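Here the protein sequences line up with chains A and Z, keeping their order. Residues are numbered in my numbering as their position in the first sequence, beginning at 1, plus a constant of 11. Residues are numbered in my numbering as their position in the second sequence, beginning at 1, plus a constant of 11.
Don't read these hints as lab results, they were simulated from the structure. Among these hints, one or two may not hold up.
[Stated by the list, open to error] Here are the simulated EDC-like cross-link-like pairs (lysine to aspartate or glutamate), alpha carbons at most 16 Å apart as the crow flies: (1) Z/Lys-13 to A/Asp-240; (2) Z/Lys-174 to Z/Asp-28; (3) A/Lys-13 to Z/Glu-218; (4) Z/Lys-13 to A/Asp-43; (5) Z/Lys-182 to Z/Glu-218; (6) A/Lys-13 to Z/Asp-240.
All values reported here derive from a predicted model rather than from experimental measurement.
What follows is the residue order along each chain.
Number of protein chains: 2
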Amino acid sequence: MKKLINSADTVLEESLDGLAAAHADILLLGADRKFVRRRSLKPGKVALISGGGSGHEPLHAGFVGHGMLDAACPGQVFTSPTPDQMIEAAEAVDTGAGVLFIVKNYEGDVMNFTMAAEMAGREVASVVTNDDVAVEKSTYTTGRRGVAGTLIVEKMVGAAAEKGMPLAALKTLGDDVNRRTRSMGVALLPCTVPAAGRPNFTLTDNEMEMGVGIHGEPGRRRVPLASADAIAADIVGAILDDLEPSKGSEVVLLVNGFGATPLIELYLMVNSAKRILDGAGITATRFLTGSYVTSLDMAGASITVSVLDDQSKELWDAPVHTAALRWRM
Amino acid sequence: MKKLINSADTVLEESLDGLAAAHADILLLGADRKFVRRRSLKPGKVALISGGGSGHEPLHAGFVGHGMLDAACPGQVFTSPTPDQMIEAAEAVDTGAGVLFIVKNYEGDVMNFTMAAEMAGREVASVVTNDDVAVEKSTYTTGRRGVAGTLIVEKMVGAAAEKGMPLAALKTLGDDVNRRTRSMGVALLPCTVPAAGRPNFTLTDNEMEMGVGIHGEPGRRRVPLASADAIAADIVGAILDDLEPSKGSEVVLLVNGFGATPLIELYLMVNSAKRILDGAGITATRFLTGSYVTSLDMAGASITVSVLDDQSKELWDAPVHTAALRWRM
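Here chain A stands alone, though its shape is the one from the complex:
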């Protein structure tokens, strides 16, 4: 295992300390590093809280700040955070307008966020993201997995919350954005969890995993390496078959690296994916390209397509100021 770390046991805490030091203008660490919170709260605004296992950086702590999340609860690598983390985060950032949990659909996360919602002693609603079209059930998951589309839900719901939308409407909006968002990924190389010290799955030199999950979970099939165009056709095809956008739809196109994939390849995938979308009469008018929802040092990428309407365009374009996404501020 080759990693820039000191000890497998302290990766998360040292990385959180670095994040908090580098973004002290935006972020504060909660006691015992149970959560990362927005430094300046906005009274009367619904508090948005997400979280999940670590190893997907910058998700979620990198999305805490103006126009996105109020807090993120990091679990250990690929391990759900515990209910006390969400409860303490809610206590810290709820200014009285209630709390919305944004939860990726994994059994541990859903269970722990549900327990936290029940025990928090305050008004809580939840949006569960399940944008991964690859498989219907997977390791850790009943139903579809929540993957990179979660970032799109967090951005749009975050913008609406910033503008003062109340809790029930935010829940409706989040569910709606999730319904209009689909993703699928491919892995070229596996990732290594620090505590395990060895790759969490194996691929031969000529294989890739189509439909891989963000923890390296099996996808649809293991196939010989293919070209970027063939991969994009397969992924975008699966997304469009499932999403069934009407011709002429405008979409956000998110090409997301898994952690070890260089940007030169991600922009090449943008080109391939855009061509497929163009051919299907779908126009990407918003783009996000980079490693935003990662799987430690896994090589590969995912493609996410989210159908836009007037409201969601405005929400996507709205100001955001977080460690990992920043525009119009």
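Start from chain A and add chain Z according to the hints.
Frame of chain A, contents of chain Z only:
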């Protein structure tokens, strides 16, 4: 070789097309993709042009836009762009106030930018960056290599140009920022140039290359894997020995991934590097963390320290709107 590409021959052009499509609000591609230029020029502003071999994305094309570069000339992977690229870029973006070339110190780049300056038929000055303290000479280089500190020069000079600073003063500023900026890197895994199809150097499972260059050039020594703290102590120590900042200095701390290093590790390195700086009485008050000056799919990171004064703080903080860096806009 496992890469998201169609053919080793078309990686650069397809990636540039993806970049231009994704950032059409900021960027335009020149004819035959000889350069990437800023879409909206500012009459009377000195034009800043950089460039170099590709494979270091987002450097340089990702830094074209308001507050940074006016154009970038991408060579093939790890290969200098040709003088005609810089000449055509200068023709496209010079609005009459002259052109400043920002060039990393590699023999091919320096030679080609020098030829272009002579042949451009317009007023041109050049800043050559050489921030890498690792070695005095290297493959492709006489004198020190220009590495991630180049981004700091481009940001600060870009902000000053945006404010209307004339050419001679920008040249002086660029040289001054370069003098106050030092970097050093470490590689854990090599990178693979698409046209070569195999890693460009080898490291055993227990080795790393201290002082590696951004093309995988040899560094100071090949040593057994060490902890993040030991690596940070070595790198920051080498930087401070060379830079000799006065106690109490404020600095920018840039922790830069080489392409295959996940953000969780980079923030951990921020924590380690900051501790070393704190111990030396140097305060990092500006941070940038991410994969900005990369080496294709090399694993590892570099640390850059740049000493701030009142002027450079203002220049660093000034608005920027590019594909890869965006703040206050």
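Looking back at the numbered hints, which does the structure fail to meet, lowest number first?
2, 4 and 5
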